[in-house]
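Chains as they are written, first to last, in our numbering: chain A, 1 to 189; chain B, 1 to 189.
Don't read these hints as lab results, they were simulated from the structure. Take these hints with a grain of salt, some might be off.
Note that identical chains are pooled: a pair holds if it fits in a single copy or bridges any two copies.
[Stated by the list, open to error] Calculated lysine to aspartate or glutamate pairs in the DMTMM-like style (CA-CA distance at most 25 Å, straight line): (1) 51 to 181; (2) 122 to 53; (3) 51 to 26; (4) 51 to 132; (5) 156 to 100; (6) 51 to 169; (7) 41 to 132; (8) 156 to 92; (9) 41 to 173; (10) 122 to 92; (11) 41 to 5; (12) 51 to 160; (13) 41 to 87; (14) 51 to 173; (15) 41 to 170; (16) 41 to 169; (17) 41 to 160; (18) 122 to 160.
So the chains spell out like this:
Protein chains: 2
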Amino acid sequence: MARCEPNAAERLALAALELFAERGYENTTVAGIAQRAGLTKSTFFRHFQDKREVLFGDGTMNGLVAGAIAAAPAAATPLEAVAHALDAVGREAFIPARREFVARRRAVIAANPELREREALKGLGLIASMTDALGRRGVPSLTSCVAAELGALAWKIAYERWSDPANGDDFSEVAQRALGEVQAASALC
Amino acid sequence: MARCEPNAAERLALAALELFAERGYENTTVAGIAQRAGLTKSTFFRHFQDKREVLFGDGTMNGLVAGAIAAAPAAATPLEAVAHALDAVGREAFIPARREFVARRRAVIAANPELREREALKGLGLIASMTDALGRRGVPSLTSCVAAELGALAWKIAYERWSDPANGDDFSEVAQRALGEVQAASALC
Chain A
1 MARCEPNAAE
11 RLALAALELF
21 AERGYENTTV
31 AGIAQRAGLT
41 KSTFFRHFQD
51 KREVLFGDGT
61 MNGLVAGAIA
71 AAPAAATPLE
81 AVAHALDAVG
91 REAFIPARRE
101 FVARRRAVIA
111 ANPELREREA
121 LKGLGLIASM
131 TDALGRRGVP
141 SLTSCVAAEL
151 GALAWKIAYE
161 RWSDPANGDD
171 FSEVAQRALG
181 EVQAASALC
Chain B
1 MARCEPNAAE
11 RLALAALELF
21 AERGYENTTV
31 AGIAQRAGLT
41 KSTFFRHFQD
51 KREVLFGDGT
61 MNGLVAGAIA
71 AAPAAATPLE
81 AVAHALDAVG
91 REAFIPARRE
101 FVARRRAVIA
111 ANPELREREA
121 LKGLGLIASM
131 TDALGRRGVP
141 SLTSCVAAEL
151 GALAWKIAYE
161 RWSDPANGDD
171 FSEVAQRALG
181 EVQAASALC
């Protein structure tokens with residue numbers, strides 16, 4: 001019975017974002033999100049496991065980050081490899097055309113404990129992906145963990161700065177600066 | 001109508017841990033947890049907002065950590081102040097008598113996505129408490145963030161090592177070693 005619905009995941013995310021902002025997260029149902037997107041509830045569940053999940057994409061971010069770390073030059077330090085990952089995020093995911101969506105999404109998540117909880121778990125997943133990808137480059141386990149945590153912190157700082165409508169820079173530039181600041185701060189700890 | 005129930009939160013946590021292990025998290029109800037603890041459902045909700053929350057204590061950990069950072073000597077570096085916090089956790093929370101409970105709790109959380117999600121959010125709360133407490137010592141904002149992240153990573157490593165039944169060391173010792181390793185690794189990133 002499954003039909004091919006172009007951009008279904010993106011349409012559902014946009015619909016959910018509108019409804020969460022209009023009615024609140026608690027007062028929005030999966031059926032309501034599907035209806036607003038012009039899709040069915042079963043299409044929703046083909047893309048997302050539950051209501052919380054709808055703002056967290058199709059799961060391609062972990063692979064994007066791991067792939068970029070794997071593709072970094074052999075001589076790159078762990079944080080240089082992480083910088084490659086942040087670059088890829090700016091090229092493929094946090095592109096200028098998505099800044100407004102990301103800013104609205106960020107506000108909706110910040111306002112809801114269930115979404116903050118899901119975001120926290122997604123953050124751990126990204127850190128695990130970066131840690132594993134660094135490990136496959138031969139970086140020792142604990143160094144991989146620390147580099148991934150520092151990268152995730154730079155990511156978070158860059159995400160906050162870049163999603164501010166007053167910021168006109170590319171995510172990649174903002175992220176490279178943040179990573180440099182994080183690295184400098186770690187020497188002062 | 002509220003009655004004073006001694007150690008209600010701890011009794012509920014123990015009952016929940018038993019039931020999650022016996023029946024699985026999904027098949028356990030708040031009413032069932034309260035019954036196993038010899039308490040009422042309304043007593044449960046006086047202590048915990050929902051079923052997920054029952055394994056995450058009474059919220060005193062954040063204050064314990066912030067207080068220990070505030071009480072560190074004025075000359076302490078950010079990571080030395082964080083080391084004070086880990087010490088306090090070993091003295092007040094992860095005491096030897098709780099090792100078995102912590103090990104069982106860890107296994108139950110690892111097996112359940114909802115509990116992992118709540119744990120991820122609690123982790124962010126602890127990092128925020130450490131960051132704020134370092135900020136109140138005059139540590140610059142970004143340095144506070146990085147020191148708190150490194151401290152949280154040392155905490156996680158120490159928690160895994162210490163909750164292993166084969167480990168006989170105090171949490172404080174395990175945590176100080178982990179923090180030293182994390183600091184050394186950050187210089188190699």
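Taking the hints in turn, this is what the structure says about them:
In the homo-oligomer, the alpha carbons of residue 51 and residue 181 never lie at most 25 Å apart, since the shortest distance is 36 Å inside one protomer and 40 Å across protomers. Taking the shortest alpha-carbon separations for residue 122 and residue 53, both the intra-copy value of 10 Å and the inter-copy value of 19 Å come in at or below 25 Å. Taking CA atoms no more than 25 Å apart as the test, residue 51 paired with residue 26 passes in both settings, with 10 Å inside one copy and 18 Å between copies. Taking CA atoms no more than 25 Å apart as the test, residue 51 paired with residue 132 passes in neither setting, with 29 Å inside one copy and 32 Å between copies.
Taking CA atoms no more than 25 Å apart as the test, residue 156 paired with residue 100 passes inside one copy only; the shortest distance there is 17 Å, against 35 Å between copies. For the homomeric pair residue 51 and residue 169, neither the shortest alpha-carbon distance inside one copy (32 Å) nor that between copies (44 Å) is at most 25 Å. Neither within a single protomer nor between protomers do residue 41 and residue 132 lie at most 25 Å apart by alpha-carbon distance, with minima of 35 Å and 43 Å respectively. In the homo-oligomer, the alpha carbons of residue 156 and residue 92 lie at most 25 Å apart inside one protomer (17 Å), although the nearest pairing across protomers, at 32 Å, exceeds that limit.
For a Cα distance limit of 25 Å, the shortest separation of residue 41 from residue 173 qualifies neither inside one copy, at 39 Å, nor across copies, at 53 Å. Taking the shortest Cα distances, residue 122 and residue 92 sit within 25 Å of each other inside one copy (18 Å), while across copies they are farther apart (31 Å). Only within a single protomer do residue 41 and residue 5 lie at most 25 Å apart by alpha-carbon distance; the minimum there is 13 Å, versus 45 Å between protomers. For a Cα distance limit of 25 Å, the shortest separation of residue 51 from residue 160 inside one copy, 24 Å, qualifies, whereas the shortest one across copies, 32 Å, does not.
Taking the closest pair of Cα atoms, residue 41 and residue 87 never come within 25 Å of each other, the shortest separation being 36 Å inside a single copy and 51 Å across copies. Within a single copy, residue 51 and residue 173 get their C-alpha atoms no closer than 33 Å, and across copies no closer than 43 Å, so neither meets the 25 Å cut-off. In this homomeric assembly, residue 41 and residue 170 never come within 25 Å of each other (Cα to Cα): the closest approach is 36 Å inside a single copy and 52 Å across copies. Taking identical chains as interchangeable, the C-alpha atoms of residue 41 and residue 169 are never at most 25 Å apart, the minima being 38 Å within one chain and 53 Å between chains.
When the C-alpha separation of residue 41 and residue 160 is checked against a cutoff of 25 Å, the pair qualifies neither within a copy, at 32 Å, nor between copies, at 41 Å. Taking identical chains as interchangeable, the C-alpha atoms of residue 122 and residue 160 lie at most 25 Å apart whether they share a chain (16 Å) or sit on different chains (21 Å).
The structure fails hints 1, 4, 6, 7, 9, 13, 14, 15, 16, 17 (numbered hints given earlier, in ascending order).
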